[in-house]
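Number of protein chains: 2
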Amino acid sequence: MIPDKNSIAAAHERISPFIHRTPVLVSEGLNEMTGARLFFKCENFQKVGAFKARGAMNASLKLSREQQQKGLATHSSGNHAQALARAARMLGVPAYIVMPRTAPEIKKRGVCGYGGQIFECEPTLAARESTLAEVIARTGATEIHPFNNYDVIEGQATCAKEFFEDAPALDIILAPVGGGGLLSGTALAAHYFSPGTLVMAGEPAGSDDAYRSMQSGKIEPAQSQTIADGLLTTLGDKTFPIIRERVKEIITVTDAEIIAAMRLVYERLKIVIEPSCPVPFAAVLKQREKFAGKNVGIILSGGNVDLEKLGTFFSTK
Amino acid sequence: MIPDKNSIAAAHERISPFIHRTPVLVSEGLNEMTGARLFFKCENFQKVGAFKARGAMNASLKLSREQQQKGLATHSSGNHAQALARAARMLGVPAYIVMPRTAPEIKKRGVCGYGGQIFECEPTLAARESTLAEVIARTGATEIHPFNNYDVIEGQATCAKEFFEDAPALDIILAPVGGGGLLSGTALAAHYFSPGTLVMAGEPAGSDDAYRSMQSGKIEPAQSQTIADGLLTTLGDKTFPIIRERVKEIITVTDAEIIAAMRLVYERLKIVIEPSCPVPFAAVLKQREKFAGKNVGIILSGGNVDLEKLGTFFSTK
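Going down the list, the sequences are from chains A and B.
Quick note, the first sequence lines up with residues 1 to 317 if you use the working numbering.
Quick note, the second sequence lines up with residues 1 to 317 if you use the working numbering.
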């Protein structure tokens, strides 16, 4: 069932013992630069380094104890994998994680660190799904999908709920969009807890399936030409209808614009974020006249970046 | 005059409208790794991205209005330069900053951004001093030395004072040591506000003049073979006696140890720090048996790093 006001509030109580209430940062310099009043919700400081801790924890806690004991399973290129492995450890049950062999090392290490069992596969959706099906057939584990799952969406919605509680009245809230779990949760939270707030998203131009889906009215396939490795997935049949109904606009940005925004976050906010994370801020920088004079909330989604790659990202200005 | 309890408290009130009260971060993962309870005071989030904002602001505010109006001057390779330029802007007076031409670009841009006037010189102490003397002769500006100045030391002491107020009772507090402004201020603050806390420092092995000065009992010259570019300076005749009397121990660490500690801060705390900053944390990692089971406060001194260089620092494990 699509999460509603009560279920999101209940999810927030359910997961609160297991997650951080992440801080909201501001920067005078970035406000001057954009002409807006920017508020950054720092999910890079969240457990496992990303908002994904919320949805994975919520969905896992809602299973029956019998289901939990057979294990939690998923395929994920990264942060959801760590989040589910951590949720399983919290519950004392196994986690079976199918990961493409190309996933960032830091994310694989994270899964192992939480005691998750990794099954590597080729980096295609078909290989991920068939490997996961085998694991589930053998173990009886329950699949917790990274985004196309209402309990996951409900968990992600708690991020925006906190944001509305901790920041001044936001005129606009932005999230990145990949599979749409965070964005659909953000849209539902805005609808129920801050109905005056417009919801927008940033999306990499090299993987602009959500943008094109909003235009065409049906789920369009993803390309995968962007450094924002967490945003390569396509919308799901649970996330898309919510996004279509409640998201005002999706703004696409190039990889160069993403890197420029990432540089500003490192230089001005002094925090570590991954390349999928600055995408909505890049959207604000790109269309600043749209945001000038407004209270703008930006969800910084995660901070798990292979440090070796930072030099490449920042080697040109 | 050497700062005392009342003068440090007065300095804290004096500068509070102009600086951030920076947060204290903790990490379960790093506590598990070291066996200690670590508290990180995040001066990388300070105005101008470093603790130097404190001392520069305090010393500038203590000048007469007539002195202020003739301008503030210094030679500095970095963060103090930005801090003094910002203090001058706050007071509406000129800042004359002598910088070695090798100073990091981000720090030069910072000085310009605050309206400071840069005079580039060769990267030697002699060139810095002679260039500064010329500027002062021409303008009548007052020199605010980066560390060998009691009003600067008094300002830096406010960092540890806050730390003692915001963290649980610390058994040990650590700071990095270059010229000794932060360390001597930290030692004074501990003496007056938390006398049960031991004061220690981390120093790069490639520039271990403070360590050698503690051994020999006189100020030893610095070498300059380390990535910790903010810690290349020698102790001064005002900082050394305080450090000699009140600092328990200086632990030296190699550049490889500094980079390993820096990597952990980026990966676990998700914050951006400069290479001088993880030095005391590297000392804790190196001698963990000394810190195990204790409440250990680590001052993270600053976050101004040329992002282009990060790839080099992190390119090997």
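Derived from the structure by calculation, the hints contain no laboratory data.
Among these hints, one or two may not hold up.
Said to hold, decoys possible - Capping the alpha-carbon separation at 30 Å, the derived lysine-lysine pairs in DSS-like fashion look like this:
| hint | chain 1 | residue 1 | chain 2 | residue 2 |
| --- | --- | --- | --- | --- |
| 1 | B | Lys290 | A | Lys286 |
| 2 | B | Lys248 | A | Lys108 |
| 3 | A | Lys108 | A | Lys218 |
| 4 | A | Lys309 | A | Lys218 |
| 5 | A | Lys62 | A | Lys238 |
| 6 | A | Lys108 | A | Lys70 |
| 7 | B | Lys290 | A | Lys309 |
| 8 | A | Lys248 | A | Lys70 |
| 9 | A | Lys309 | B | Lys5 |
| 10 | B | Lys286 | B | Lys248 |
| 11 | B | Lys238 | B | Lys70 |
| 12 | A | Lys218 | A | Lys248 |
| 13 | A | Lys309 | A | Lys294 |
| 14 | B | Lys218 | B | Lys108 |
| 15 | B | Lys309 | A | Lys286 |
| 16 | A | Lys238 | A | Lys248 |
| 17 | B | Lys309 | A | Lys309 |
| 18 | B | Lys5 | B | Lys286 |
| 19 | B | Lys290 | B | Lys218 |
| 20 | B | Lys62 | B | Lys5 |
| 21 | B | Lys108 | A | Lys108 |
Unchecked claim - Stretch-level coverage of chain A by chain B, calculated; a stretch enters the list once three of its residues show a Cβ under 8 Å from a Cβ in chain B:
| hint | region |
| --- | --- |
| 22 | 42 to 52 |
| 23 | 176 to 183 |
| 24 | 270 to 283 |
| 25 | 305 to 311 |
Values in this document were obtained by computation on a predicted structure and should not be read as measured data.
The C-beta atom is built at its ideal place from N, Cα and C for all residues, glycine as well.
Hint check results:
The straight-line distance between the Cα atoms of B/Lys290 and A/Lys286 is roughly 51 Å, outside the 30 Å bound, and the hint therefore fails. Between the alpha carbons of B/Lys248 and A/Lys108 the distance comes to roughly 41 Å, so the proposed pair goes past 30 Å and is violated. Proposed proximity of A/Lys108 and A/Lys218 is contradicted: the alpha carbons are some 33 Å apart, above 30 Å. Among the hinted pairs, A/Lys309 with A/Lys218 is inconsistent with the structure: their alpha-carbon atoms are about 35 Å apart, more than 30 Å.
Between A/Lys62 and A/Lys238 the alpha-carbon distance is near 18 Å, which keeps this suggested pair within the 30 Å criterion. Proposed proximity of A/Lys108 and A/Lys70 is supported: the alpha carbons are some 22 Å apart, at most 30 Å. Between B/Lys290 and A/Lys309, the direct Cα distance comes to roughly 35 Å. Violation of the 30 Å bound is thereby established for this hinted pair. A hinted pair counts as satisfied when its Cα atoms are at most 30 Å apart, and A/Lys248 with A/Lys70 does not qualify at roughly 41 Å.
For the suggested pair A/Lys309 and B/Lys5, the alpha carbons sit about 47 Å apart, so the restraint of at most 30 Å is broken. In summary, the hint linking B/Lys286 to B/Lys248 is supported, as the alpha carbons are separated by about 17 Å, within the 30 Å threshold. Only pairs whose Cα atoms come within 30 Å are accepted, and B/Lys238 paired with B/Lys70 is accepted, the gap being roughly 25 Å. Proposed proximity of A/Lys218 and A/Lys248 is supported: the alpha carbons are some 16 Å apart, at most 30 Å.
Proximity of A/Lys309 to A/Lys294 is assessed by CA-CA distance (about 34 Å); at most 30 Å being required, the pair is judged violated. Taking the CA atoms of B/Lys218 and B/Lys108, the gap is about 33 Å. The hint is violated against a cut of 30 Å. At roughly 27 Å between alpha-carbon atoms, B/Lys309 and A/Lys286 fall within 30 Å of each other, so this suggested pair holds. For the given pair, A/Lys238 sits about 18 Å from A/Lys248 by alpha-carbon distance, which is consistent with the 30 Å threshold.
For the suggested pair B/Lys309 and A/Lys309, the alpha carbons sit about 11 Å apart, so the restraint of at most 30 Å is met. Of the supplied pair hints, the one linking B/Lys5 and B/Lys286 is violated, its CA atoms being roughly 33 Å apart against a limit of 30 Å. Restraint check: the Cα-Cα separation between B/Lys290 and B/Lys218 comes to about 27 Å, which is no more than 30 Å; the hinted pair holds. At roughly 17 Å between alpha-carbon atoms, B/Lys62 and B/Lys5 fall within 30 Å of each other, so this suggested pair holds.
Restraint check: the Cα-Cα separation between B/Lys108 and A/Lys108 comes to about 39 Å, which exceeds 30 Å; the hinted pair is violated. Judged by the Cβ-Cβ criterion of 8 Å, the region 42 to 52 of chain A is covered by chain B as claimed, because 3 of its residues qualify and three suffice. Counting residues of the region 176 to 183 of chain A whose CB falls under 8 Å from any CB of chain B gives 0; the rule of at least 3 is not met. Chain B is given as covering the region 270 to 283 of chain A, and this holds because 4 residues of the stretch bring a CB closer than 8 Å to a CB of that chain, at least three being needed.
Three residues within the 8 Å Cβ limit are the bar, and the region 305 to 311 of chain A against chain B gives 5, so the coverage statement holds.
Consistency note: the structure conflicts with the earlier hints numbered 1, 2, 3, 4, 7, 8, 9, 13, 14, 18, 21, 23.
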